[in-house]
Amino acid sequence: MLKNLRIRWTVPVLTILFLLAACQPGNGNGNGNGNGNGGGGGGGGDDPPPYNPVVCEHTGSGQDYPVGPGQTYATPADVPWDELGPGDTVRIFYREEPYREKIVIRTDGSEDQPIRLCGVPGPNGERPILDGDGAVNDPDDADAYTTYGPMEGLAMIMLYNPDYDLKVHNVVIEGLHIRNVKNNFSYTRMNGTTDNYEDGAACIRIQAADNVVIRGNELENCGNGIFTMSQGYNEAHLTRNLLIEGNYLHGHGQPGSYLEHGLYIQAIGVVYQYNRFGPNAPGSDGVTLKERVAGSTIRYNWFDSGSARMLDLVEVEDAAPWYLVSEYLRELGCTDVNNCPDLDPDRLAKVQEADAAYRKTYVYGNFFRHVGSETAAGNIVHYGSDNDPALSHNGTLYFYNNTVLVLQDRDDVWRFRLFYLGNRDAPSRSLETVEMFNNIVYVAGETGEPSYFCLDDTNQGTINFGVNWFTNTWQDVAVQEECYYGSAADGPTVTGVENLLDVAGAPVPLDLTTLDPVDTPLVRDQAQPLPDGLPAVDYQYLRHLQAEERPDVRDLGARDLP
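The sequence shown runs -28 to -1, 1 to 534 under mature numbering (1 follows the signal peptide of the UniProt record, and there is no 0).
Don't take every hint at face value.
Between beta-carbon pairs, the in silico distance windows are [claimed, not checked]:
{"id": "1", "residue 1": "D397", "residue 2": "T467", "range": "18 to 28 Å"}
{"id": "2", "residue 1": "V449", "residue 2": "R319", "range": "49 to 59 Å"}
{"id": "3", "residue 1": "D462", "residue 2": "T165", "range": "54 to 64 Å"}
If you are wondering where the hints come from, they were derived from the structure by calculation, not from laboratory data. The beta-carbon is built from N, C-alpha and C at its ideal position, and this holds for glycine as well.
Given these sequences and hints, build the entire structure.
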């Protein structure tokens, strides 16, 4: 039939990655030369991201710094990093021997002419490798670090202006393979001595910066794949407007520790898209993506097994007075914005915008693959708080058009929870809400009897269902009593159960290996219209690091049927 004719353009991310369109409300922008800035003060946004080639050519208005065999600069250490400015490009050419020089970016690009650090691939598309194992800090970088010694051992690439009142702006990092920045590897300090990396060292660390794009990199075997800091001392200690797209992250975390993660992001305004998240390091207890963010959009990604949970969307900590109006007033000793003599109107406007963005998180168009033999995780998504319930989002997680596969045996994990809303140690019931529609959530045993399938933890949150293909065993009273420790009444507040499709006896809705949807009547043409005001689902992730337009959203899950 004519209505089933669906024409799409497929775009490989390895050669053609994506640049964020303006995220509303936000300050990000994109342009046609592949040098755009990340943005997104409020998360979401209806404008789709345009495709831009990731080509490591010098297109900016500034200086070209080619690095590598036969180039002007033999190694990254030869680049005058403290002199970089708008439109400058540092191009690192592939060579068989990895580069082992650490990099500190401490100057600014401009919004339309960012500083670019990019990799020129080898003959077979190999990304240039920056290897932290045995890497050297440039003695000429003494001014780039403070007198705080551990700063030297925190990253392979660091964005950091040591001036208390300044931070880095407008930087793009793309097309590199960064690896082996972890506490079991050593590096050479500026004074020539050797030391091991600090706990939590990162492939890329942002101490404080605005408008940063991290695109098309492979990040492997670091404490944190990417770590960003936001602290409440002043504006110069906050990180704003990040775009993290088209990266392959795997092998992160530290054995026996739950403090290091694939991503650990603290910022205002972040978009994660088209990334492939592989397993964390064996024996590590961190999560795949942990964030303390106001204004978060997580879309069109692939999340694989191999971490304590896939998404940990928790409360702001150090920078709370810059995220939450209540915390800003408390810092000033006030209870009312209209009766607070020390209040800064400009700062208040920024905090009010961040506060509004903090209450809405968007997760759509993603694939989540959980296989019990590959991970010890007991849930997929934590939305709320992990330390201070008073700073919890108390907001809404919009979870739609995702595909979730859970293969988990009861012998390994007795209860498996889709969500963990709030904080079980909070003194009162969680105020977190999930709006959930157009998803495929399929739960079964891997080799034996499946785990008890729970929506949430005990006495936590609200889940509002729209149309979903949703494994229905969670509705059994016996299952709920197992999930909520003896009383089904102690589960989350649930509405919209009548909107769930009747999947009793239905065929499996997805391929258990690829997560591709299966053409069945309960998948095809079952999607409900998108509610007004939510970001549109314009694209869909393809395995791996590819994407294509999604011209309509008629089918359930993270991608449409052909």
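Index of numbered hints that the structure contradicts, given in increasing order:
Of the numbered hints, all hold.
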